[in-house]
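Protein chains in written order, with the working numbering: chain R, 1 to 524; chain G, 1 to 199.
Simulated from the structure, these hints should not be mistaken for lab results.
It is possible that part of the hints are untrue.
[Said to hold, decoys possible] Chain R is nowhere near these chain G residues, computed Cβ spacing over 12 Å in every case: (1) Arg51; (2) Arg112; (3) Arg134.
[Stated by the list, open to error] Pair ranges (Cβ atoms, derived): (4) Arg51/G with Ser314/R: 27 to 35 Å; (5) Pro183/G with Val69/R: 33 to 41 Å; (6) Arg103/G with Arg395/R: 56 to 64 Å; (7) Arg395/R with Phe144/G: 38 to 46 Å.
Values in this document were obtained by computation on a predicted structure and should not be read as measured data.
Every residue, glycine too, gets a C-beta built ideally from N, C-alpha and C.
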Amino acid sequence: MPKQEFDVLIVGSGHSGGMAAQVLTQKGISCLMLDAGPEVNLATNRVSKNPWELPYRGMNKPGRLPHVVQANEFNANQWVDEKEIPYTHDPASPYNWVRVRLVGGRSLFWGRQSFRMSDWEFKSLDKEGVGDNWPISHADLDPFYSKVEGIFRVSGRKEGKAHFPDGNFLDADYGPDSTTVKKITEIAQGRGYLVSKIRASNGRNGQASSVNLLLPEAMATGKLQIVPNAIVRELTVDKNTGKVNGANFLDRHSKQELHVKARVVVLAAGSLESVRLLMNSGLANSSGMLGRYIIDQLYGVQVVASVPEARGGSAAEGLMGGTALLPRFRNLQKGEKNNFSKGYGMMIASGGAAQPGFFADYGESLQKKLDFHSGACMTASIYGERLPRFENHVRINKLVKDAWGIPVLHAEVKDSANEHNMAKDAADTAEDMLKAAGWDILSKTDKFHPPGYSIHEVGGARMGDDPKKSVLNKWNQSHDVKNLFQVDGGCFVTCGWQNTTLTMMALAMRSAEYLAEQMKTGVI
Amino acid sequence: MQAIAAAPAVPALVTPALVTQQNMQAQTAPARPAGPLASGKRDAVGEPVARFFSATQLAALHRLCELLMPPMGGNPGAIDAGVPEFLDFHVGQSPADRQQMYRSGLELLNSRSAAKFGKAFAALDATQADAIIRPLLVLVPWQFELPKEPGARFMAAAHDDIRVATRNSREWTQAAIAAGRRPVGAQLYFFPVDPVYKG
Numbered sequence: 001m002p003k004q005e006f007d008v009l010i011v012g013s014g015h016s017g018g019m020a021a022q023v024l025t026q027k028g029i030s031c032l033m034l035d036a037g038p039e040v041n042l043a044t045n046r047v048s049k050n051p052w053e054l055p056y057r058g059m060n061k062p063g064r065l066p067h068v069v070q071a072n073e074f075n076a077n078q079w080v081d082e083k084e085i086p087y088t089h090d091p092a093s094p095y096n097w098v099r100v101r102l103v104g105g106r107s108l109f110w111g112r113q114s115f116r117m118s119d120w121e122f123k124s125l126d127k128e129g130v131g132d133n134w135p136i137s138h139a140d141l142d143p144f145y146s147k148v149e150g151i152f153r154v155s156g157r158k159e160g161k162a163h164f165p166d167g168n169f170l171d172a173d174y175g176p177d178s179t180t181v182k183k184i185t186e187i188a189q190g191r192g193y194l195v196s197k198i199r200a201s202n203g204r205n206g207q208a209s210s211v212n213l214l215l216p217e218a219m220a221t222g223k224l225q226i227v228p229n230a231i232v233r234e235l236t237v238d239k240n241t242g243k244v245n246g247a248n249f250l251d252r253h254s255k256q257e258l259h260v261k262a263r264v265v266v267l268a269a270g271s272l273e274s275v276r277l278l279m280n281s282g283l284a285n286s287s288g289m290l291g292r293y294i295i296d297q298l299y300g301v302q303v304v305a306s307v308p309e310a311r312g313g314s315a316a317e318g319l320m321g322g323t324a325l326l327p328r329f330r331n332l333q334k335g336e337k338n339n340f341s342k343g344y345g346m347m348i349a350s351g352g353a354a355q356p357g358f359f360a361d362y363g364e365s366l367q368k369k370l371d372f373h374s375g376a377c378m379t380a381s382i383y384g385e386r387l388p389r390f391e392n393h394v395r396i397n398k399l400v401k402d403a404w405g406i407p408v409l410h411a412e413v414k415d416s417a418n419e420h421n422m423a424k425d426a427a428d429t430a431e432d433m434l435k436a437a438g439w440d441i442l443s444k445t446d447k448f449h450p451p452g453y454s455i456h457e458v459g460g461a462r463m464g465d466d467p468k469k470s471v472l473n474k475w476n477q478s479h480d481v482k483n484l485f486q487v488d489g490g491c492f493v494t495c496g497w498q499n500t501t502l503t504m505m506a507l508a509m510r511s512a513e514y515l516a517e518q519m520k521t522g523v524i
Numbered sequence: 001m002q003a004i005a006a007a008p009a010v011p012a013l014v015t016p017a018l019v020t021q022q023n024m025q026a027q028t029a030p031a032r033p034a035g036p037l038a039s040g041k042r043d044a045v046g047e048p049v050a051r052f053f054s055a056t057q058l059a060a061l062h063r064l065c066e067l068l069m070p071p072m073g074g075n076p077g078a079i080d081a082g083v084p085e086f087l088d089f090h091v092g093q094s095p096a097d098r099q100q101m102y103r104s105g106l107e108l109l110n111s112r113s114a115a116k117f118g119k120a121f122a123a124l125d126a127t128q129a130d131a132i133i134r135p136l137l138v139l140v141p142w143q144f145e146l147p148k149e150p151g152a153r154f155m156a157a158a159h160d161d162i163r164v165a166t167r168n169s170r171e172w173t174q175a176a177i178a179a180g181r182r183p184v185g186a187q188l189y190f191f192p193v194d195p196v197y198k199g
């Protein structure tokens with residue numbers, strides 16, 4: 001019996017897929033969403049446990065998730081099993097690909113920090129002579145950012161700075177700054193740095209995910225079907241037109257292969273997973289750029305200082321607590337000289353604890369030191385921007401297949417001197433500011449995690465006006481296959497220092513509105 | 001397939017004709033309130049059996065646990081929390097490089113103790129043991145990268161493991177409750193979701 005042909009097939013159900021589904025269905029377009037994982041009920045699928053109630057005393061099964069630094073024994077089941085769906089890399093160049101295969105994807109667990117990108121990111125080449133420009137600017141994305149901020153109920157403090165664009169914010173009640181936050185703010189402002197506050201998606205009922213803010217609205221239209229446990233092996237093509245006409249997918253449990261028909265395909269499986277699917281389908285790569293320019297953000301640099309007046313539990317009320325956010329402050333001025341390009345944001349948190357590794361000691365003597373500094377620490381950490389580079393890429397490794405027989409990705413992504421110099425500058429700058437406040441440095445490191453750790457991996461299908469240099473056009477539409485779109489982070493040309501989710505959703509919304517218009521007018 | 005299809009249906013174990021007056025009464029007796037049957041806790045009823053480390057290695061680990069994480073502030077120490085035996089299990093389940101790091105590290109404690117004091121690490125008093133431990137303790141400003149020097153690497157890893165395994169123990173929680181403190185460490189455990197069907 002011939003099956004239904006859907007208007008649009010959406011692969012992936014996270015923030016990007018959910019946004020595309022909401023926009024398209026509300027315009028009357030029938031959508032089928034395939035997700036590789038099962039549906040989860042966060043209310044019933046989690047229960048509070050003590051670490052000693054777990055098989056490995058909360059210390060995880062050794063070797064289970066070697067690339068997921070964020071994994072512990074409590075949350076290990078939420079991440080993709082690396083043995084079931086492996087990927088490869090040179091052992092000397094580690095890459096941490098951190099994945100979730102559940103309906104809702106990583107939107108179920110994200111950190112909710114919600115910053116816009118600015119024209120220092122969208123027009124990187126023009127402003128700084130680094131990398132390439134996106135084919136769009138902040139002005140193009142501004143109305144979509146505003147709508148997404150409304151849906152996700154983003155709170156923030158407006159600053160009126162072009163490099164840290166304001167948005168459609170709920171009023172945020174950050175409370176009065178503690179004395180230590182005021183002090184570090186004065187020091188940073190004295191150096192000409194903007195000091196602001198975290199901007200975050202509040203969501204609703206404790207969640208800011210695709211499954212509570214996007215997909216229910218799409219389902220309410222009666223125009224969306226979501227099929228879980230459907231692993232897309234490859235997109236299929238009409239040999240006469242060269243356009244995609246659907247996909248072959250495998251049932252996660254039985255591995256039975258099925259085909260679904262659609263007039264348009266929208267990929268939203270995550271930057272690298274979508275690229276993998278395109279590569280395994282042999283599509284969208286006339287430019288040779290598919291899989292190239294993989295980027296994410298640099299995390300791990302940390303400096304910790306101890307506030308003398310707060311030691312030994314002696315902190316007066318109002319001395320400690322709260323945070324200060326320093327949006328990127330390097331290389332914003334013309335003529336500024338640094339030994340690296342781009343920049344980093346910095347978070348300084350007041351009131352933390354010291355770590356045992358800060359002291360070469362043990363036993364009671366160590367515990368006395370930890371107790372002495374408990375609650376007295378100021379911790380500076382950074383969000384650094386990695387440079388997009390052609391040689392940083394993923395490709396198919398035909399020698400290794402996942403549990404469903406689908407060839408996996410090989411990641412070849414390395415840091416350059418730019419990242420190392422940036423990390424050193426960040427650590428030195430943080431140390432200098434904390435010392436200037438009169439606080440004692442307990443620990444300083446300019447080391448950082450391997451690429452991928454931030455879980456903000458983007459690129460691999462960069463957008464651009466030139467089909468010879470980019471995979472997607474400015475509407476997230478394939479240059480090669482006009483009824484094929486990729487609306488996740490694959491399109492990013494630069495990654496910025498900012499968390500990427502808000503921008504992904506704004507881009508997905510913009511692309512879906514364009515697609516709906518093209519379908520309405522019959523162009524697609 | 002045919003043999004299975006032709007086999008007579010298995011009769012129900014209890015048919016109406018077999019119901020006697022006695023089991024009729026049993027069936028109508030008031031049910032006990034439903035409750036969990038598996039109420040025992042593994043760590044509360046069983047003594048761990050160490051199988052991975054040699055006797056001398058385990059003795060060294062035992063002494064290291066005593067010294068690095070003694071009972072403090074009303075909290076149990078690593079020995080009270082069964083950490084040596086737990087780490088014997090945990091390291092025994094680990095990738096080969098972690099196993100080798102531990103074995104070599106414990107042997108290093110013993111060999112340095114023998115060279116300096118003529119006896120095994122487990123037999124050293126606190127002052128003697130300090131002379132062995134201190135040179136291996138280095139600052140670890142970034143917890144995600146252990147020191148490269150093998151001895152320091154072992155000490156940093158073991159120190160962290162011993163502290164975490166102690167604080168994550170049932171004994172630590174019980175001590176906190178007994179002292180009227182709020183136990184720490186409980187988190188939301190995420191169950192496997194719809195595991196792949198195995199047939």
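Each hint tested on the structure:
no. : hint                               : verdict
1   : Arg51                              : holds (15 Å)
2   : Arg112                             : holds (16 Å)
3   : Arg134                             : violated (8 Å)
4   : Arg51/G with Ser314/R: 27 to 35 Å  : violated (49 Å)
5   : Pro183/G with Val69/R: 33 to 41 Å  : violated (26 Å)
6   : Arg103/G with Arg395/R: 56 to 64 Å : violated (39 Å)
7   : Arg395/R with Phe144/G: 38 to 46 Å : violated (28 Å)
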